[in-house]
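Go by the hints and put chain B onto chain A.
Protein chains: 2
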Amino acid sequence: MHADVRSLTEHRAAALALAAPLPAVDVLLDDADGLVLAHDLVTDEPLPRWDNSAMDGYAVRQADVTELPATLRVVADLPAGSADEPLVTPGTAARIMTGAPVPTGADTIVPVEATDAGTGTVVVREAPPAGTHLRRAGEDAVPGDVVVAAGTLLGPAAIAAVASLGRPVVRAHRRPRVAVVSTGDELVAPGTPLRRGQIPDSNSWLLAAAVREAGGIPVRFGPVPDDVAVLRELLAGLDVDAIVTSGGVSVGAYDVVKAALADEPDVEFVSVAVQPGKPQGLGRLPGGTPIWTLPGNPVSSFASFEMFVRPAILRMRGLRDVERPTRQAVTDEGWTTPPGRAQLMPVRWVGPDRVVRATARGSGSHLVARLALAEGLAVIPAEIDRVAAGDRVTVLKVSP
Amino acid sequence: MHADVRSLTEHRAAALALAAPLPAVDVLLDDADGLVLAHDLVTDEPLPRWDNSAMDGYAVRQADVTELPATLRVVADLPAGSADEPLVTPGTAARIMTGAPVPTGADTIVPVEATDAGTGTVVVREAPPAGTHLRRAGEDAVPGDVVVAAGTLLGPAAIAAVASLGRPVVRAHRRPRVAVVSTGDELVAPGTPLRRGQIPDSNSWLLAAAVREAGGIPVRFGPVPDDVAVLRELLAGLDVDAIVTSGGVSVGAYDVVKAALADEPDVEFVSVAVQPGKPQGLGRLPGGTPIWTLPGNPVSSFASFEMFVRPAILRMRGLRDVERPTRQAVTDEGWTTPPGRAQLMPVRWVGPDRVVRATARGSGSHLVARLALAEGLAVIPAEIDRVAAGDRVTVLKVSP
Numbered sequence: 001m002h003a004d005v006r007s008l009t010e011h012r013a014a015a016l017a018l019a020a021p022l023p024a025v026d027v028l029l030d031d032a033d034g035l036v037l038a039h040d041l042v043t044d045e046p047l048p049r050w051d052n053s054a055m056d057g058y059a060v061r062q063a064d065v066t067e068l069p070a071t072l073r074v075v076a077d078l079p080a081g082s083a084d085e086p087l088v089t090p091g092t093a094a095r096i097m098t099g100a101p102v103p104t105g106a107d108t109i110v111p112v113e114a115t116d117a118g119t120g121t122v123v124v125r126e127a128p129p130a131g132t133h134l135r136r137a138g139e140d141a142v143p144g145d146v147v148v149a150a151g152t153l154l155g156p157a158a159i160a161a162v163a164s165l166g167r168p169v170v171r172a173h174r175r176p177r178v179a180v181v182s183t184g185d186e187l188v189a190p191g192t193p194l195r196r197g198q199i200p201d202s203n204s205w206l207l208a209a210a211v212r213e214a215g216g217i218p219v220r221f222g223p224v225p226d227d228v229a230v231l232r233e234l235l236a237g238l239d240v241d242a243i244v245t246s247g248g249v250s251v252g253a254y255d256v257v258k259a260a261l262a263d264e265p266d267v268e269f270v271s272v273a274v275q276p277g278k279p280q281g282l283g284r285l286p287g288g289t290p291i292w293t294l295p296g297n298p299v300s301s302f303a304s305f306e307m308f309v310r311p312a313i314l315r316m317r318g319l320r321d322v323e324r325p326t327r328q329a330v331t332d333e334g335w336t337t338p339p340g341r342a343q344l345m346p347v348r349w350v351g352p353d354r355v356v357r358a359t360a361r362g363s364g365s366h367l368v369a370r371l372a373l374a375e376g377l378a379v380i381p382a383e384i385d386r387v388a389a390g391d392r393v394t395v396l397k398v399s400p
Numbered sequence: 401m402h403a404d405v406r407s408l409t410e411h412r413a414a415a416l417a418l419a420a421p422l423p424a425v426d427v428l429l430d431d432a433d434g435l436v437l438a439h440d441l442v443t444d445e446p447l448p449r450w451d452n453s454a455m456d457g458y459a460v461r462q463a464d465v466t467e468l469p470a471t472l473r474v475v476a477d478l479p480a481g482s483a484d485e486p487l488v489t490p491g492t493a494a495r496i497m498t499g500a501p502v503p504t505g506a507d508t509i510v511p512v513e514a515t516d517a518g519t520g521t522v523v524v525r526e527a528p529p530a531g532t533h534l535r536r537a538g539e540d541a542v543p544g545d546v547v548v549a550a551g552t553l554l555g556p557a558a559i560a561a562v563a564s565l566g567r568p569v570v571r572a573h574r575r576p577r578v579a580v581v582s583t584g585d586e587l588v589a590p591g592t593p594l595r596r597g598q599i600p601d602s603n604s605w606l607l608a609a610a611v612r613e614a615g616g617i618p619v620r621f622g623p624v625p626d627d628v629a630v631l632r633e634l635l636a637g638l639d640v641d642a643i644v645t646s647g648g649v650s651v652g653a654y655d656v657v658k659a660a661l662a663d664e665p666d667v668e669f670v671s672v673a674v675q676p677g678k679p680q681g682l683g684r685l686p687g688g689t690p691i692w693t694l695p696g697n698p699v700s701s702f703a704s705f706e707m708f709v710r711p712a713i714l715r716m717r718g719l720r721d722v723e724r725p726t727r728q729a730v731t732d733e734g735w736t737t738p739p740g741r742a743q744l745m746p747v748r749w750v751g752p753d754r755v756v757r758a759t760a761r762g763s764g765s766h767l768v769a770r771l772a773l774a775e776g777l778a779v780i781p782a783e784i785d786r787v788a789a790g791d792r793v794t795v796l797k798v799s800p
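Quick note, the sequences are listed as chains A and B, same order.
Residues 1 to 400 in the numbering used here are what the first sequence lists, from first letter to last.
Residues 401 to 800 in the numbering used here are what the second sequence lists, from first letter to last.
Isolated chain A, as found in the complex (with noise of 0.2 Å):
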């Protein structure tokens, strides 16, 4: 019934290489946070753009400062943002404010504390040498120097350096638009009374989360009943970059993602060598869509979305390093592990680097509620059969 079978990092590569950088956008500057730049950030001017004070204080001449104290008549007052351009002669001062540039024949800035801060004469009680508490042009950045890179993802500080430099629009990747599919006909809305046999959707409310995690902009679909037509009919509706279904891959009877994309030639199903996680498909629909279709078991899902969407969505963002931090810990616990698979189990930390399984009842792949413990995945590789409490373990941290 499966035609493949394959291991967990071959199908994360065919997962990943789904995915490309959405197109890039202008945005106007409230709009960036959080997305990617697409071009290198180029100044065309040194940044600061003249040399300017980096106090509140005296502009003055070092050879009037030598001898102390110093009485200077202030000649012109230079708050932060003053188009003036006084001529600071021998003998004289300018009052100045942080970032006001520094007026031609000034070669000190005198900060305030050390001068009685007068207004018509100054008596400067000390001096700095020349050149101190004096911001240099270009010292932050020179024309041609690239002050934000391509790929960079614009968090406050990448934000601050686009509007120094006068930008008030970048040019970044649109964060992608992802439908995420719920499959099941025992699926039923949270709130809605349960007969026998029905059970709460949570998936598209977990895929949907997961995917605004990574950046993306999720579309919820869930639950969609087992019902091959109406799942063709909702697919072929989307307009979006990216879809993601959950349910409906395995052998059983009744699998509707597997059956309504059946005859789609760029789509394949997949027996991959994991657990959580084991039957996957994944493709392109007709018009090009990336579709990931993952596993109905909450944990199984959980999982899978880490390991096969989320980097593809944030290579779409237009990031370059689309992993997971990782982290070396040691486990308080031991459990068996599948042999011949790969295991992603959740866990949680228990000391600052010792975790214990997160689905402290056991690791069933339909364990949602103690599911919510997780604070990171343990990958565990294929060639290993059993974990003993004290063995270390790689952790993937999925949460901050």
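There's no promise every hint is true.
What the hints assert, rightly or not - Keeping only pairs whose Cα atoms sit at most 25 Å apart, straight-line, the calculated SDA-like set for lysine to any residue is:
1) B:Lys797 - B:Arg727
2) A:Lys397 - B:Arg754
3) A:Lys258 - B:Leu719
4) B:Lys658 - B:Leu685
5) A:Lys397 - B:Val730
6) A:Lys258 - B:Leu685
7) B:Lys658 - A:Gly151
8) B:Lys658 - A:Arg354
9) A:Lys258 - A:Ala76
10) B:Lys797 - A:Pro111
11) B:Lys658 - A:Pro111
12) B:Lys797 - A:Pro352
13) A:Lys397 - B:Arg612
14) A:Lys397 - B:Gly518
15) B:Lys797 - A:Ser399
16) A:Lys397 - B:Leu719
17) A:Lys397 - B:Arg720
18) A:Lys397 - B:Asp477
19) A:Lys397 - B:Leu685
20) B:Lys797 - A:Asp353
21) A:Lys397 - B:Glu723
22) B:Lys797 - A:Ala76
23) B:Lys797 - A:Trp349
24) A:Lys397 - B:Ala549
25) A:Lys258 - B:Val546
26) A:Lys258 - B:Thr592
Claimed, not checked - A few chain A residues that face chain B, going by a derived Cβ cut-off under 7 Å, partial list only:
27) Ser82
28) Pro86
29) Pro101
30) Gly184
31) Asp185
32) Arg212
33) Ser250
34) Ala369
35) Leu371
36) Ala374
37) Glu375
38) Leu396
Honestly, the hints are just simulated from the structure, not real lab data.
Cβ coordinates follow ideal geometry from the N, Cα and C atoms, glycine included.
Quick look at chain B alone, frame taken from chain A:
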């Protein structure tokens, strides 16, 4: 001019003391992502709700499959979601899909791969021990269990757990709306042609992005001129949960924020023994709204937000842990630090545990372009006067 000099730790405590968790509101699950749960979510049902199958296969009686192969009559077909309650009597089996309730009389699930997949009769070739592939009611949670605890950040797994309890609505703390006001006559909106003395406003974008990254909703105002009346009117008209300003808090002649708030009985201006970020103000406006007034140099604003405002926003959201993760690193270069003041130095990683200064050409608090490279803030205690290459430093991780 400064009534008070405080340590970094003292001012941080004062800044955080202004914040309390915002009221809880009912939110739909679709809108709950990223909010913080305001109450313990206790299940009043077992999860799973009934014994159900972990595999696609056949529900059988163990006694019927002790001798193999065994041929059984298929008396029912139980897809997931089926409400049927057939009885599995001796010599019979029910075809069953993953998640469907196990019918009365059956005690064993035979995976379809171990059978001939028959529909009228089924030939069982291998049978697991009784109870295998059977998920027991209550295995995941029993009535009375706290499934998601108050104070939990509602990420994908927690949202899925809420959904699986059948709750379409949760009570969560609402996100704080935080006004961001950058002041300075020298500031113009990015894109405006600059005359001498002017620079583009970057702080309002810096702080708005930082508020959003902290989980707040920024309301950005900037640049605002150095006009006390204008600023007072703006502050008086705000309908927000908190206010952050930048600039106008130093010892200069035009310090608009200090002047505008000089008569506020619950706002104080202090010197903090930290570099950058020495001049600080904080308190409450007459209506009780917390306000933090940060210095205007971009690096000072950035570091001050990290230290004083971000933890407060996290607390307003209802989070209990308001600290950034820290990491020990070795610095590849040395620098001087101001005697008697703590230092917050923007750094970037050059190896797994090695950092250099992000603002490579200096450590000035105006180096906004270089700040874009910052991945962390090295926190150097006040007792240290000099950092040498090879020293260990503690780094707050400010990027993911």
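Taking the hints in turn, this is what the structure says about them:
About 7 Å separates the Cα atoms of B:Lys797 and B:Arg727, which keeps this hinted pair within 25 Å; it holds. Proposed proximity of A:Lys397 and B:Arg754 is supported: the alpha carbons are some 21 Å apart, at most 25 Å. In summary, the hint linking A:Lys258 to B:Leu719 is not supported, as the alpha carbons are separated by about 42 Å, beyond the 25 Å threshold. Proximity of B:Lys658 to B:Leu685 is assessed by CA-CA distance (about 13 Å); at most 25 Å being required, the pair is judged to hold.
Proposed proximity of A:Lys397 and B:Val730 is supported: the alpha carbons are some 23 Å apart, at most 25 Å. Distance hint between A:Lys258 and B:Leu685 is unfulfilled; the C-alpha atoms sit about 61 Å from each other, more than 25 Å. A C-alpha spacing of about 40 Å is found between B:Lys658 and A:Gly151, which places the hinted pair above 25 Å, so the restraint is violated. Under the criterion of a C-alpha separation no larger than 25 Å, the hint pairing B:Lys658 with A:Arg354 is inconsistent with the structure, at around 49 Å.
Annotation: proposed proximity of A:Lys258 to A:Ala76 is violated, straight-line Cα distance about 79 Å (limit 25 Å). With a C-alpha separation of about 34 Å, the suggested pair B:Lys797 and A:Pro111 falls outside the 25 Å cut-off, and the hint is violated. The straight-line distance between the Cα atoms of B:Lys658 and A:Pro111 is roughly 19 Å, inside the 25 Å bound, and the hint therefore holds. For a cut-off of 25 Å, the pair hint linking B:Lys797 to A:Pro352 stands: about 16 Å separates their Cα positions.
For a cut-off of 25 Å, the pair hint linking A:Lys397 to B:Arg612 stands: about 22 Å separates their Cα positions. For the suggested pair A:Lys397 and B:Gly518, the alpha carbons sit about 44 Å apart, so the restraint of at most 25 Å is broken. Taken as a hint, the B:Lys797 and A:Ser399 pair is honoured in the structure, with Cα atoms around 15 Å apart against an allowance of 25 Å. For the hint pairing A:Lys397 with B:Leu719, the CA-to-CA distance comes to about 19 Å; that is within 25 Å, so the pair holds.
For a cut-off of 25 Å, the pair hint linking A:Lys397 to B:Arg720 stands: about 20 Å separates their Cα positions. Proposed proximity of A:Lys397 and B:Asp477 is contradicted: the alpha carbons are some 42 Å apart, above 25 Å. With a C-alpha separation of about 41 Å, the suggested pair A:Lys397 and B:Leu685 falls outside the 25 Å cut-off, and the hint is violated. Restraint check for B:Lys797 and A:Asp353: the C-alpha separation of about 18 Å stays at or below 25 Å, so the hint holds.
For the hint linking A:Lys397 to B:Glu723, the alpha-carbon distance of about 17 Å falls within 25 Å, and the restraint holds. Pair hint B:Lys797 plus A:Ala76 does not hold up; C-alpha atoms about 44 Å apart against a cutoff of 25 Å. A threshold of 25 Å between alpha carbons decides the hint, and for B:Lys797 with A:Trp349 the separation of about 19 Å falls inside it, so the pair holds. Between A:Lys397 and B:Ala549, the direct Cα distance comes to roughly 20 Å. Compliance with the 25 Å bound is thereby established for this hinted pair.
This hinted pair does not check out: A:Lys258 and B:Val546 have alpha carbons roughly 37 Å apart, beyond 25 Å. As the CA atoms of A:Lys258 and B:Thr592 are separated by approximately 56 Å, the hinted pair breaks the 25 Å bound. Satisfaction of the interface hint for A:Ser82 is found here, the shortest Cβ-Cβ separation to chain B being roughly 5 Å, below the 7 Å cut-off. The beta carbon of A:Pro86 is not positioned within 7 Å of any beta carbon in chain B (closest approach about 12 Å), and the interface hint is therefore violated.
Look at A:Pro101: its Cβ gets to within about 5 Å of chain B, closer than 7 Å, so that hint holds up. Among the interface hints, the one on A:Gly184 holds; its C-beta lies about 6 Å from the nearest C-beta in chain B, closer than the 7 Å criterion. For the restraint placing A:Asp185 at the interface with chain B, the shortest Cβ-Cβ distance is roughly 3 Å, inside the 7 Å limit, so the hint holds. The closest approach between the C-beta of A:Arg212 and any C-beta of chain B is roughly 6 Å, which is under the 7 Å cut-off, so the hint is satisfied.
The beta carbon of A:Ser250 is positioned within 7 Å of a beta carbon in chain B (closest approach about 6 Å), and the interface hint is therefore held. Nearest Cβ of chain B to the Cβ of A:Ala369: about 4 Å, under the 7 Å cut. The hint holds. Because the smallest distance between the Cβ of A:Leu371 and any Cβ of chain B comes to about 5 Å, under 7 Å, the interface hint for this residue holds. The restraint placing A:Ala374 at the interface with chain B holds, with a minimum CB-CB distance near 5 Å, inside the 7 Å limit.
Evaluation of the A:Glu375 hint against chain B yields a violated restraint, the C-beta minimum of about 9 Å exceeding 7 Å. Interface hint status for A:Leu396: violated, as the beta-carbon distance to the closest one in chain B is roughly 13 Å, over 7 Å.
In summary, the numbered hints that this structure violates are 3, 6, 7, 8, 9, 10, 14, 18, 19, 22, 25, 26, 28, 37, 38.
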